[in-house]
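Add chain V to chain X, keeping to what the hints say.
Protein chains in written order, with the working numbering: chain X, -8 to 397; chain V, 9 to 271.
Wrong hints could be hidden among the right ones.
[Said to hold, decoys possible] In silico contact screen, one side only, chain X against chain V (beta carbon under 8 Å); selected entries: (1) Arg5; (2) Ala22; (3) Gly292; (4) Val387; (5) Trp389.
[Unchecked claim] Okay, the calculated bits of chain V under chain X, using three or more residues with CB under 8 Å as the criterion: (6) 25 to 36; (7) 57 to 66; (8) 78 to 92; (9) 104 to 112; (10) 134 to 148; (11) 201 to 213.
To be clear, the hints were calculated from the coordinates, so they are not data collected in a lab. Every residue gets a Cβ at the ideal spot worked out from N, C-alpha and C, and that includes glycine.
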Amino acid sequence: MGQFTPTPHDPDERGHFGPWGGRFMPEALIAAVDELAAEYEKARTDPSFLDEFNGLLKDYAGRPSLLTEAPKFAAHAGGARVFLKREDLNHTGSHKINNVLGQALLTRRMGKKRVIAETGAGQHGVATATACALLGLDCVIYMGEVDTQRQSLNVARMRLLGAEVIPVKTGSRTLKDAINEALRDWVANVDDTHYLLGTAAGPHPFPLLVRDFHRVIGIEARSQILTKAGRLPDAVLACVGGGSNAIGIFHGFIDDPSVRLIGVEPGGDGLDSGRHGATLTAGTPGSLHGAMSYVMQDEDGQITEAHSISAGLDYPGVGPEHSFLKDSGRAEYFPVTDAEAMEAFALLSRTEGIIPAIESAHALAGALKVGQSLGPSGLLVVNLSGRGDKDMGTAVEWFGLDKENA
Amino acid sequence: MSRLAPVFSQAAAEGRAALIGYLPAGFPTVPGSVSALKAMIESGCDLVEIGLPYSDPVMDGPTIQVAAETALRAGFRVRDLFDVVSAVASSGGRAVVMTYWNPVLRYGVDAFARDLASAGGLGLITPDLVPDEAESWITASSAHDLDRIFLVAPSSTEERIALTASSSRGFLYATSVMGVTGARDVVSSAAPELVRRVREHTSMPVGVGLGVRSGAQAAELASFADGVIVGSAFVTAASSGEDAVRALGAELAAGVRQAVTPA
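Chain V with its partners taken away, still in its complex shape:
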C-alpha cells in the first residue's frame, strides 16, 4: 500500500489534482527551509518534495542550482535533511525527499531509507536513478515501507514506461518537457500526450512537473494530471520571503481546483 495514497485519494475526492511543491532543504537556511516548507503546506500544498542540495545537479536549471549552492556554501549536511523532514512531518505535513543518487549511495542505501522513514518521510524521488539500476533501492524502500517515485519523460518508450510504472510506488513523476527544471511561460504540449501514454500502463497517480509557475498553468495541468509539481517557482518565492511563498501556494492551490481544458 502506498504511503502517498491519501494525498491523491483526498484530492480526487474533491475532484481536483494534488498540489506538490518542491524546496531544497537548507535554502535559504536550514530553519528558513523548514518555515518555508510549512508555509507551502499551510497555503495549499498537499505534499512537499524536500530536495537534498547536491554539488552536481545535472537535471536542474539555474534557479535550483543556485539554491543548492547557497545551501552547500552555508555548510548544509545530509543529516540536516532528516531534521528538516522530521520538522515538516511532526507538524503534520506530508513529505517526500528528492535527491540525486550519489549522496544516497554514500550514506548507504539501507541506512538512508531507514533514517528517512524514521524522520517521517514517505518516499523518495530519484531523478538520476532508473529502475534498471535500482535493485538496492527497491529492496531498501520495501524494507522501510517508503514509496519510490521514478520519472518518465516524453522520450520514454512504451517498454520503459511499463518498466518504470511497475517499479514505482506512490506516483509516477512525468517530466512535461525535455529539459531541466525551471519556470517556463507555457505548459508543454508534450505533457498531455505523455500522461495519456502513461495511463495505458498503470492506474497509479501521475504527477506532472517542470516549468510550472502560475495558477493558470496549474489549472491547465490539473485537467489531465493527478498531481501538479512546482519547484523553481517556490525556490524563487522562498528567496523573497514567506509572504511570497504563501501567495504562490494560494495561487497554485486555486489553480488545481479550476482545472481547465486547454484550448
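Only chain X is shown next, with the shape it has when bound in the complex:
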C-alpha cells in the first residue's frame, strides 16, 4: 500500500475523525484550507508529484531511515529487543523533513511564494527553513520567546538558512502562542502565503496530510522489522506532543491488531504537580487551533499552559486522530516525567552512542517501562524522532555537564 493511498482510517470529507477534528476556525481562512484540501487531493494521485516527493525523500532527506537494534539499551528494558527507527538520521535531524518537503511542494503547486510556520523546539522551523531554501520560497518562522532562548542554536540555523525568525512575546511565549501568531499572519496574508503547519493537528486537511507525509516512517519500519526480527513487534512507541511522528509510525501498524500502538506524553514534573503536557492522559474535549480534540483547559475553557522540559512537546493540544485512537482503544497513551525522559536520554547516549532529542527520549523512557512489563520475549520499535544536538544546553544544565566529574 502506498503512502498516499486512502485508508479506512481517513476522516470524513469535512475532516472529522468521529467527534474529533473538523474546522473550528475563522471563516476568513476557510477558502485557504479548502484550496489546500483540493490541491492535496489532486497531488496524492499525481505521479509527477509523487515522483518529486519520493525523489526528495530519497536523495535529499536520506530515506529510508535505518532501523537500528539497541541491545545494550534494551538490557534496561527488561531484556526485550528494542529497535530504533532512526528519524534522527534524516536531513535536518528529525522526522519533520517528511512533512515539510510535502507541504513545500504543495505550496509551489498552489502558486504561493511565502511560507510561515510555527516551531517549538526548532526542529520544524529548521526543516521548514531548509525546504524553503531548497525550493526558493520566502520563509517566516514564529517561535515563542521562551523557546528561542532554550533553543538558540536552532534560531541561528533558521536564520542561516535565510528564514526570518520572529520571537512571540504573547501568552505563555511557547509553541501554542507561536501557532496563534502564525494564524494571525496567515489570515492577513493568505493570498500569497501557505501556513506550513508542523504537526498532525489544526483544521482539516492538516491532520490528514501531515499524517500522510509521515506514513513513510511506519511503512518503512514495518518492512524493516519483519526483515530484521522476522515478526511484527509487540508494541510501537512514539512521543506525542501534537503527535506527527507518532501518527506516522502508528499508521504502518494500525491494521495489525497484535501490535500495540503506544503514545508517550510529556509528564513534566508529574501529573499531580499540574505542570505537564499530557493532553490525552489528563485533558478534556475542546477546540484549539482549528480542531476538536483533547485539550488542556480550566473549567472556564481557558487553555492552560503546558510544561515540559522538551520544547517540542510543550503543547496543550494534540492532533484529533490521536483523540480518536485513544477513544477507540486502538492506541494507548501514558506520560513520563521530565526526569524519566532525561534518564533515558543519558542512557541511550551512554549505552548506544546515540544522543536522542529530548522529545524522543520520552518514547525511550516509555519503552523502558513497556519492555520491563513484556520481559525478554518482548519486541519493541521506538520512533527515534530526532537527534539531541539541539538539546545540549538543556542537558548541560540538567546533568551539570559543564562541571568536572559530571
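Relative to chain X, chain V alone:
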C-alpha cells in the same frame, strides 16, 4: 423573528447605519467594563458586543489581546460575563456576546445559550465557529431565542456567503479586511465589494467591522453598511477612562449619521 431587528429598523428609519461597539467584559475591571459599556450606549452605540476574554484570541490584534490578558490576570470568570450582560441589559442597553467557541463548548452549548438569554443577551457572535460546525449552536440558539451572528470575509466564496447568510439570524458580520482586529488608518477597499456580494444572497442587515476608529471612517462605512462595528478603538478609549469612551461614542455616532460616498 430576530431579536436585533429593532436595532437595524430604528436606524434605517432614521436613514443611518447602526453603531455597534465592542468591549471585553472584565476590562479594565468587571465593574469598569459595565460602566464603560453603559457609557458606550449613552453616547450613541445602538448595540454593544460584550467580549468574553479568552486565552488564545487568534482573530485579535494586540489591543484586544492585551485587554483579554488584563481581564484574565485579574481573575475574570465566565460567570462574570453573564453579570456584565445582565447589568447592561437591565439598564436598557441592547447587548450580544462575542466569544471564541471553546469557552462555550466547555460551559455547555445549551447552558451557555440559556444563561445568556436569561441575563438579557440578544445573541452571540462566533468568530471561530463556521456554520458547518455549528449544529449544536443552531439548535441551542433557536431553543433560547437568541440571534446567531456568523462572519463572512473577503475570501468567502459565493457558496459560503449563501451558507453563512442562511445560517445566521440578526445580522451578518462582514470583516472588512483580511486580518485581525485593530484600528487602521483607512477603510479597506474590500469592504464595499464584500457587502455588495452579501446583499445578492440576503436581505439581512450587514454589519462591517475591523479597523474602524474615527467618525470619518464610520461615515464612509455607513454609506454602504447597515451597521458599523468598532472594537479596538473603544478598548483603547476604555483604558483612558470614561470620558474618552463617551467622546469616541459621540464622534462615531455623528459619523454614522453623515454617510458619505467614498471618493
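Cross-check of the supplied hints:
Restraint check, X/Arg5 versus chain V: the minimum CB separation of about 6 Å is within 8 Å; hint holds. Because the smallest distance between the Cβ of X/Ala22 and any Cβ of chain V comes to about 4 Å, under 8 Å, the interface hint for this residue holds. Among the interface hints, the one on X/Gly292 holds; its C-beta lies about 3 Å from the nearest C-beta in chain V, closer than the 8 Å criterion. Restraint check, X/Val387 versus chain V: the minimum CB separation of about 33 Å is more than 8 Å; hint violated.
The interface hint given for X/Trp389 is broken, as the beta carbon of that residue sits about 29 Å from the closest beta carbon of chain V, more than 8 Å. By the rule of at least three residues with a Cβ nearer than 8 Å to a Cβ of chain X, the coverage given for the region 25 to 36 of chain V is violated, with 0 such residues. Coverage of the region 57 to 66 of chain V by chain X holds in this model, with 5 residues showing a Cβ closer than 8 Å to a Cβ of that chain against a need of three. Counting residues of the region 78 to 92 of chain V whose beta carbon lies closer than 8 Å to any beta carbon of chain X gives 3, which reaches the threshold of three, so the coverage claim holds.
For the region 104 to 112 of chain V, the stated coverage by chain X is satisfied: 4 residues place a CB nearer than 8 Å to a CB of that chain, which reaches the threshold of 3. Residues of the region 134 to 148 of chain V lying with their CB closer than 8 Å to a CB of chain X number 6, which satisfies the three-residue condition for coverage. Restraint check on the region 201 to 213 of chain V versus chain X: 0 residues with Cβ-Cβ distances below 8 Å, three needed, restraint violated.
Violated hints for the displayed structure, listed by number in ascending order: 4, 5, 6, 11.
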